[in-house]
Structures are given as structure tokens and as C-alpha cells.
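Residue numbers (the working numbering), protein chains in the order written: chain A, 56 to 563; chain B, 56 to 563.
Among these hints, one or two may not hold up.
[What the hints assert, rightly or not] Computed cross-link-like contacts, BS3-like style, restricted to lysine-lysine with a CA-CA straight-line distance of at most 30 Å:
(1) B:149 / B:69
(2) A:165 / B:372
(3) B:157 / A:501
(4) A:551 / B:73
(5) B:363 / A:166
(6) B:372 / A:555
(7) B:377 / B:471
[As the list claims (entries may be wrong)] Covered stretches of chain A (in silico footprint by chain B; criterion: 3 or more residues with CB under 8 Å from a CB of chain B, positions within the stretch not fixed):
(8) 196 to 207
(9) 385 to 395
Bear in mind the hints are in silico, worked out from the structure with no lab data behind them. Cβ atoms here follow ideal geometry from the backbone N, Cα and C, with glycine treated the same way.
2 protein chains.
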Amino acid sequence: MKTKKLKLKNIFDKMKLKVKDMDISSGGPLVAVINRKDASMLDLHVMDRIKIKKGSKFETVVVDIAQSSKVVPKGTIGVFEEVLNSLKLKNNDKVEITIARKPLSIDYIKKKLDGQRLNKNEIDQIVWDIVHNKLSAVELTYFVAACYTNVMSIEETILLTKAMVKHGSVLSLNKYPVIDKHSIGGIPGNRTTMVVVPIIAAAGYIMPKTSSRSITSPAGTADTMEVLANVIFPISKMKEIVLKANGCIVWGGSLNLAPADDKIIAVERPLEIDAESQLLASIMAKKHSVSSTHILIDVPMGKYAKVKNRVEALKLKSEFEKIGRRLRKHIKVIITDGRQPIGNGIGPCLEARDVLWLLKRDPRRPLDLEKKCLMMCANIFSMVGIKNGYKKALGILDSGKAYQKMVEIIKAQNGKEIAAEDIRIGRFSYDVVSAKGGEVVEIDNKFISRIARIAGAPHDKGSGLYIYKHIGDRVKRGEKLFTIYSESKHEFEYAKDVAKSEKVFVVR
Amino acid sequence: MKTKKLKLKNIFDKMKLKVKDMDISSGGPLVAVINRKDASMLDLHVMDRIKIKKGSKFETVVVDIAQSSKVVPKGTIGVFEEVLNSLKLKNNDKVEITIARKPLSIDYIKKKLDGQRLNKNEIDQIVWDIVHNKLSAVELTYFVAACYTNVMSIEETILLTKAMVKHGSVLSLNKYPVIDKHSIGGIPGNRTTMVVVPIIAAAGYIMPKTSSRSITSPAGTADTMEVLANVIFPISKMKEIVLKANGCIVWGGSLNLAPADDKIIAVERPLEIDAESQLLASIMAKKHSVSSTHILIDVPMGKYAKVKNRVEALKLKSEFEKIGRRLRKHIKVIITDGRQPIGNGIGPCLEARDVLWLLKRDPRRPLDLEKKCLMMCANIFSMVGIKNGYKKALGILDSGKAYQKMVEIIKAQNGKEIAAEDIRIGRFSYDVVSAKGGEVVEIDNKFISRIARIAGAPHDKGSGLYIYKHIGDRVKRGEKLFTIYSESKHEFEYAKDVAKSEKVFVVR
Numbered sequence: 056m057k058t059k060k061l062k063l064k065n066i067f068d069k070m071k072l073k074v075k076d077m078d079i080s081s082g083g084p085l086v087a088v089i090n091r092k093d094a095s096m097l098d099l100h101v102m103d104r105i106k107i108k109k110g111s112k113f114e115t116v117v118v119d120i121a122q123s124s125k126v127v128p129k130g131t132i133g134v135f136e137e138v139l140n141s142l143k144l145k146n147n148d149k150v151e152i153t154i155a156r157k158p159l160s161i162d163y164i165k166k167k168l169d170g171q172r173l174n175k176n177e178i179d180q181i182v183w184d185i186v187h188n189k190l191s192a193v194e195l196t197y198f199v200a201a202c203y204t205n206v207m208s209i210e211e212t213i214l215l216t217k218a219m220v221k222h223g224s225v226l227s228l229n230k231y232p233v234i235d236k237h238s239i240g241g242i243p244g245n246r247t248t249m250v251v252v253p254i255i256a257a258a259g260y261i262m263p264k265t266s267s268r269s270i271t272s273p274a275g276t277a278d279t280m281e282v283l284a285n286v287i288f289p290i291s292k293m294k295e296i297v298l299k300a301n302g303c304i305v306w307g308g309s310l311n312l313a314p315a316d317d318k319i320i321a322v323e324r325p326l327e328i329d330a331e332s333q334l335l336a337s338i339m340a341k342k343h344s345v346s347s348t349h350i351l352i353d354v355p356m357g358k359y360a361k362v363k364n365r366v367e368a369l370k371l372k373s374e375f376e377k378i379g380r381r382l383r384k385h386i387k388v389i390i391t392d393g394r395q396p397i398g399n400g401i402g403p404c405l406e407a408r409d410v411l412w413l414l415k416r417d418p419r420r421p422l423d424l425e426k427k428c429l430m431m432c433a434n435i436f437s438m439v440g441i442k443n444g445y446k447k448a449l450g451i452l453d454s455g456k457a458y459q460k461m462v463e464i465i466k467a468q469n470g471k472e473i474a475a476e477d478i479r480i481g482r483f484s485y486d487v488v489s490a491k492g493g494e495v496v497e498i499d500n501k502f503i504s505r506i507a508r509i510a511g512a513p514h515d516k517g518s519g520l521y522i523y524k525h526i527g528d529r530v531k532r533g534e535k536l537f538t539i540y541s542e543s544k545h546e547f548e549y550a551k552d553v554a555k556s557e558k559v560f561v562v563r
Numbered sequence: 056m057k058t059k060k061l062k063l064k065n066i067f068d069k070m071k072l073k074v075k076d077m078d079i080s081s082g083g084p085l086v087a088v089i090n091r092k093d094a095s096m097l098d099l100h101v102m103d104r105i106k107i108k109k110g111s112k113f114e115t116v117v118v119d120i121a122q123s124s125k126v127v128p129k130g131t132i133g134v135f136e137e138v139l140n141s142l143k144l145k146n147n148d149k150v151e152i153t154i155a156r157k158p159l160s161i162d163y164i165k166k167k168l169d170g171q172r173l174n175k176n177e178i179d180q181i182v183w184d185i186v187h188n189k190l191s192a193v194e195l196t197y198f199v200a201a202c203y204t205n206v207m208s209i210e211e212t213i214l215l216t217k218a219m220v221k222h223g224s225v226l227s228l229n230k231y232p233v234i235d236k237h238s239i240g241g242i243p244g245n246r247t248t249m250v251v252v253p254i255i256a257a258a259g260y261i262m263p264k265t266s267s268r269s270i271t272s273p274a275g276t277a278d279t280m281e282v283l284a285n286v287i288f289p290i291s292k293m294k295e296i297v298l299k300a301n302g303c304i305v306w307g308g309s310l311n312l313a314p315a316d317d318k319i320i321a322v323e324r325p326l327e328i329d330a331e332s333q334l335l336a337s338i339m340a341k342k343h344s345v346s347s348t349h350i351l352i353d354v355p356m357g358k359y360a361k362v363k364n365r366v367e368a369l370k371l372k373s374e375f376e377k378i379g380r381r382l383r384k385h386i387k388v389i390i391t392d393g394r395q396p397i398g399n400g401i402g403p404c405l406e407a408r409d410v411l412w413l414l415k416r417d418p419r420r421p422l423d424l425e426k427k428c429l430m431m432c433a434n435i436f437s438m439v440g441i442k443n444g445y446k447k448a449l450g451i452l453d454s455g456k457a458y459q460k461m462v463e464i465i466k467a468q469n470g471k472e473i474a475a476e477d478i479r480i481g482r483f484s485y486d487v488v489s490a491k492g493g494e495v496v497e498i499d500n501k502f503i504s505r506i507a508r509i510a511g512a513p514h515d516k517g518s519g520l521y522i523y524k525h526i527g528d529r530v531k532r533g534e535k536l537f538t539i540y541s542e543s544k545h546e547f548e549y550a551k552d553v554a555k556s557e558k559v560f561v562v563r
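If we strip away everything but chain A, and leave its shape as in the complex, we get (with noise of 0.2 Å):
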């Protein structure tokens, strides 16, 4: 009976279309339009599946239906850009297509969503579908809903994670241990990889350290770095990299690391949602591809940070432990102050030149910056057995090697040398003073970084802030507060007229 039912299917439920190059992407999901009257002959509803058939080749994507003959008429087919490339298409081609099952996807998604666990194959079909774009932004919303509502379990996130890994691409580097660190958003300035991995590195351990770019502020690590070197590598590259500088500071983006994750997290933005179990199995996951064996995790905590008080802290700070036993990591999470900017450049290269100035020890180097990326190389080398960590750490700075091994990574990122003098910052500036003495109380880390990427950052690497003045230290009135800086002059008075209007530094 199945059998039959199959073949009739190969014979009966097909078409020939030409294909119209729809000369857009879908932003992911393999989606092609077709024709009313083309979809009522094979009873197609929007969002069913076609397989389409281009010699021998072929690709599952969802239905969409135009109800008018306008631009995708009977006897057509509109293709997206995934598609088009999948299948290597061009205008007026002939395919054929024919009906196609949903996704096994689909089922696990509605368990979900119905309140029961998923199995290690169920995980890893649903992760397999999404980074192959098998599923439609709907159906990967319900999934994400799914695990909001009802929390995955520990288990259920182990095998997340580990799907998501599966699913990507890997960095093997057969050795032990492996550092890596990842600090929890939110905090502008805050450019503790560049500090910690030149440190860990010129000490003999190996840190593979991929970072992201800015999505919702001024500079991610990525576009920092980008202003002293190269930072888009494949991961053949950054292999023969890390063994040759012990450490690097790539992009991450461009590694197809987990693949799922940023397709996960593109749907949970509209409604800024943070599934706690995708959040974990998302940093883990990404920790994963690239071999770590020890992992220093920061979680910064404050009124404007992501975590916002010590129970949210030790709560996820418990749960990156047991999820760490379970991969057998070694995991350290740190709760740190995240009140505040870490730093006193704010943007791109206002940030390289605190890091070059930190690393050379000039006097103009951000204090809060470097005490805070020692205690984190400290408790790096307490994880991997070494004691009075802070101190080595300290002496590595001081020694210069760590200078020197930054420059070998900038180096063998194809980047050269560069006096922190000579990165360039924007040509306008302007200074916001205090309009009263006092002790600085409160920094508006929201407003930090909306003034920042008003003034142009990240894109104008050298837009941004600078800040003189932190929680704690005293201002007098007429004293400046902060410096915005930006490379044009349209954004630089909008940036000016909203710094001017917002109380961004609170002073009593």
C-alpha cells in the first residue's frame, strides 16, 4: 500500500516550470513561488513542500503562491536566491517538480511544542534542517517558542549543543589544554580578548578564540581587532594560525561554527526573547568547534548589562557548570561588575588604541580594562594549575610579550605593525562636559552605545566615544565627561544634538 501510494506520487504528482529568477533572497529559508492555478492542479497550499528537479540534482523548498499572474504566471516558477544557487539555476530553465513531505523536522518541533522531551535523533534532525534551510521562519519560530515555554533539560541541551557542533565545521587541534573565553554581552568598551588571548599565548597556551562582530553595538571584538589585522579567515587557516601564534582573534562568522545558532537567534530578536537553553548550547557549542578543553565564561552583571542581578548570575552560572561537567569542559564562571563601560574607548579603533596602549604600558592605558583582564588570565592559569596567576600575568604585560605576541598574531592575520598614535579616529569631536560637581554615580550603558553608533560606529571604525570619567570618580563642573568622535560630519551632529539631550552620566 505505501509502495503504491509512493509511485503514484512519481508518475501523477508532477509538473515541468520555467524558472523566473525572482532576483531577491529569502534571507535563508529555500523558499520558490508558483502560480495559483499550478498549485490548485497539485493541490499545493502555501508553505507545503516541492522538490525540485534540475537534472540530477535536486532541492526540498517551501511553497509560496502568487495569487496573481503578474510575476510569477501559470507555468512559471519564481526562484529565490537560495535556491537559485543550490541548484545552480538560471531564467527559462526547465525543472520539474513534484510534491515533497514536510520535514521529520516538523513532528519533533510540534512534540515541542506539546510539552515532551526530545531524543539525541530528533535534536539532531531539527538542528540538520535548520542549517541546511529546510525549515520556513514559521516553523523555526515554533520551534523556538517551543523551547521557551517548555525549558529543554540538561540532557536536551547537551544534545543541542552537541547537534550544533555536528552540523558545522570543526577546528581539530589534537591538543591539551585548549583556553577559551567568552564574555556575556552588553557592556560597551569591554575588549578583554585582545589583552587575554596576546597574555595566554605568549605564556605557551593555546587559544583558538574565535569573536563576533557588532549586532547591537558599537564594536563587536571582531571589528575591533579588523582595525589591526585581518580577521576573515577559513578554518584551514586559522588552524595553521593558532599553531603558529598559539592564538588567534578571528571572526567567527565566516567559520561556519554551529551553524544553526545565528538562525536561531536571527528569531528570537522581534520579540527578544533568550531561551536559556539556546543561549547555553549556543556559547558551548561554539566553544566546542573549536576544540576548548578550558573555558572561562564572564558574566557581567548590572542595571543595563544582559544579566541584571545575582540570582539571574548564579543561576546561569550553575547551569554552564553542570552543562561544562557534561561535555567534560573545564568551566569557570566569573560574575563581574558590569555597571559601567570596561574601558575608555568606545567603538572600533577607539578601542585598538586602548588595547595597543594597555599591552605597551603607556600611561594613557585604561586601568579598569587591564586589572580586569588580569583576573581573568588569573583565573585562567588557576584552571590549568598554575598559581599567583594575576601576578604572572602581570609580569607577561610588563615584560613586553605580551606586546610581542600580539603582534605576532596581527601579523600572521596579515596585519602589521601599528603605533596606537597612528590609528586613525574621527576628525569631528566634541566634548560633553559636566553640568555640575560631584561624584559620578550612574553611566547609562544604553545611551554609551546609541550615541556611539549614532556617531558612526562600528562602520566608521574610527566613530565612537571616549570617556574620562567612571562610577565612582569625582567631576568638576565644566570637566568633561566624554569626547564624541566620528568621520562624518552628517552623523556627528546628530550623535552631538543626542548627547546634549540625554543624561547619559549621572552625577550627585
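Start from chain A and add chain B according to the hints.
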């Protein structure tokens, strides 16, 4: 502080762009595409909102971002059909865009996803935003998923029903009682509406019936009625028809009654989920919109019906009664035999012929359909206090008054009286006979529907099936079980081959 921020938004976060007609519909949500570089200037991300202004008109839409300059270069804005129509834009028009907030309903959807109850204002806002295409498919999906996992209370369901009615058209009749009926779908044939409405209207009661078109079945009542009369009317004309003829049988889809409902159903389809609260709200909202006071709900129960067993049926019955009481409607729920098709014809013309035979007391009329319709009328009569309703309904049928009323309704709906014999049935026909003698013990509704659809129903109105045997009937070897009719040779051949290979009737 707040006013300042708003003022600043108006002054600074805007941009002039040139319209590019994308020449395609988004399928609902208001969407526009801008180039990556422009997006970065305004700090916009995928699924953020912008307000598009053209002269004094404006519309808030969801942003998509083009990564390349191929389709949407810097300085242009790619506009989908929905936005184009809403703002009456054309190619190369200049528009101004400003950053807009997310709709308020996003917070309320999040709240429901977090398991909290929604109040009147919150549900109202969500429905308003759905009706006005303010939510992206992803956001709407979160709402459906939230209501599915965190089941709505009766109070919330009632608020949802009322909001759906409020944000749609309403037929005000100022009459009492106003009769209505609804059959839960899934049963081929089952054209009770076209018999019940003329009987009830002939008895002097008002019955403003709206029906649906087929979605996955071979015909909806609106498709079948369309064989005899027009079914597409504006609501003002529907009112005229009802006031003149006491009843109508029109397509609900063009009337804009509770339009949020159709948009919700569209995102439910991929996972085939039926959030119970939404099913209830959806049906009750459509009835409420036409001012119905006495509503009969038919719940067919059977292996291949939507409702599989008595437990499910009774639960649904109790929910309908609860919500009916709260909306001050008289509701009666009947659980009926949903094991097999009702009537003999399947497909618009074949069903219309059955109905005319029945109303004209032709010996060829389907007695199972007649019996069910009389039983339904008896229930309706009993709701309005009339005893012996079955006999009364039969009297109206036998006297020819129901037929006369049907002719009156057909004429009011711009149709002409037509003899059952003059209804054109598909010219290709094929008889499927029984391979053995015995008793019919099962009929597979799903295959009945599938074969009728492959033969061309509902788009070819003359295509479909005619069934000779029902469950419990005796059949001889070689005796006809059903005939396939089709208007097209091509589709006929498909349907024939599928029918030959599938076991539609089980004979024992």
C-alpha cells in the same frame, strides 16, 4: 525627557528614499526592504519597524535588509504590494522613512509566551495589529505558539472573540431571534446548510448564513452554492438579501468578518496545530459578527473526521456551551456520525444536484442528508420553543415551501432557477465497482476527498464523485461503489488511476 526623545526622533532619525516596486506580495505583513548601508545609518535591523511617509499619509512596516545592491541599492526602498497599495506608491516616488517603535502587541505576545494572562486591552491590541498587518509572520507565530502552549482561559477566549468581531465588519440586523449553524469540517458532502437555511427561512426565521470555500476538501458550501447563484457580496447587499428573503448563503471570505482569524489560521497550518481557544473564538466570532442569537453547532465524530472520539467531542461541546453562555448566545451542540460522506455527490455540481433533488422531493435525493438536515432543523426549532420540529421541517420540505424559499434566495443572490438535470456534471466518467460481495464496513473520507480533488473539484465545478453505497449497505461483486466525474481528460486519468490503486471502500 520623553518628549525630548520623541522630538529628536523626528528631527534626526529620518531619511529620504526612492521607491522601488518589488512587484510581489508579502502575503500579508507590511514589509519593505532597504539597503544594508542605509539600515546601518539608522541603526536598523531585520524585523525592526520604520514609518514610511508619503505626503500626509504614512504606514508603519517591518524592515527587511538587502545585503547586496543588486535589487535594492543605497538610497532606495523596495516595497511589497501590500505597502504599495496602502500608501498608493509607485516606482521612483520619494518617501521619507523614520524609525518606529515595535507595536505594543509585541510586549503582550511576550507576556502570553511567559505564561501570563492577557487583559482586554492587550488582546484588543494584538487583534488590531494582526488585522492591520502590523505583525510579521514570525511575531504572529509566537502569538499562536503562546496560546497553544499556555492555553487561554475562557475569559481570554471570550475577549479574543469580541476583539475579532470588533476589528472586522459587522452585520447589524436588530432582529430576534437570528438563527445560525456551523458544522466542524472534515466530512465530504455534508451540504446541510443548503437544506437547513431554506427550511428555517420558510418557517419565518432569519438565518444570515455565511459559508466558507474549500481549503483542503473537494467543496465548501460557498463553492457548491456558487453553482446556483452568486455568493460574493458586500455586507450591505448581504443585509438586503437577508431582509428580503429571510436567509442567505454567501461566502464569508469577502465580507471581512473577524479577519484576524484567517491570518491566524495561515500560520497554524505548517504545524497543523489547532489551538482550541482559537478554534472556538474563530467560530464564535464569525457568528457574533452577523448578530446570530441561536446557534446550532454540528460536531461530526469519526475516524477520519476532525473530532475522533467521544471524549474530544464532549470536551468541545462543553467549551462551546461555556463560551456561548458568556456571550449570551443560545448554543446547542450536537454530536453526529462523521464516519462517512453525507449525501451522494462530492464536488460542487454533484452536491448542488443532490440539494435540488432533496428540496424538489425527487426520488433520487440522498436520504441520509435529508435525515440529518431534518434533525438539525428540529434542534433549531426546539431552541426557539417550537415542538415537533422534525415533523414541522418535513412538512415544509414536502409542501414545496423550502424549495420555493431556495429559489427566492437564489434569485436574491442574482441566480436563476435551474432544474437539477440541467446542472452540468463533468463529461468524463468512470465507475469503480466492488471487487467482492458483502457489507460496506468503512469508507475512507480522506481518499474520497483526494480523488475528488484530483478529478478537479472544487476549481472544476462539474468534477467530483457520486457515491452509491454507504456504511451498512450490502454490495454485490461487480456492483458500482462510486463514479468519478471530471471535466478534464488529463485530471480524469490521474483520478482514475489513484482510485484503482487505493482501497476507498472496505467491504466484508
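Are three or more residues of the segment 385 to 395 of chain A within 8 Å, CB to CB, of chain B?
Per the Cβ count (0), the hint is violated.
Distance restraint between residue 377 of chain B and residue 471 of chain B, which requires alpha-carbon spacing of 30 Å or less:
violated, 42 Å
Are residue 372 of chain B and residue 555 of chain A close enough, with their CA atoms no more than 30 Å apart?
Judged against 30 Å, a Cα distance of about 63 Å means the pair is violated.
Please work out if residue 551 of chain A and residue 73 of chain B have their alpha carbons no farther apart than 30 Å.
Within the cut-off at roughly 28 Å; holds.
Proposed proximity, residue 69 of chain B with residue 149 of chain B (alpha carbon, max 30 Å)
holds, 13 Å
Pair hint outcome, residue 165 of chain A versus residue 372 of chain B [Cα-Cα no greater than 30 Å]
holds, 25 Å
Please count how many residues of the segment 196 to 207 of chain A have a CB within 8 Å of a CB from chain B and say whether that reaches 3.
This one holds; 7 residues, not fewer than the three required, reach chain B with a Cβ under 8 Å.
For the pair supplied as a hint, residue 363 of chain B and residue 166 of chain A, confirm whether the alpha-carbon distance does not exceed 30 Å.
holds, 20 Å
Keeping to a limit of 30 Å between CA atoms, is the pair of residue 157 of chain B and residue 501 of chain A held or broken?
OK: residue 157 of chain B and residue 501 of chain A at ~18 Å, within 30 Å.
Going through the hint list in order, the structure does not satisfy hints 6, 7 and 9.
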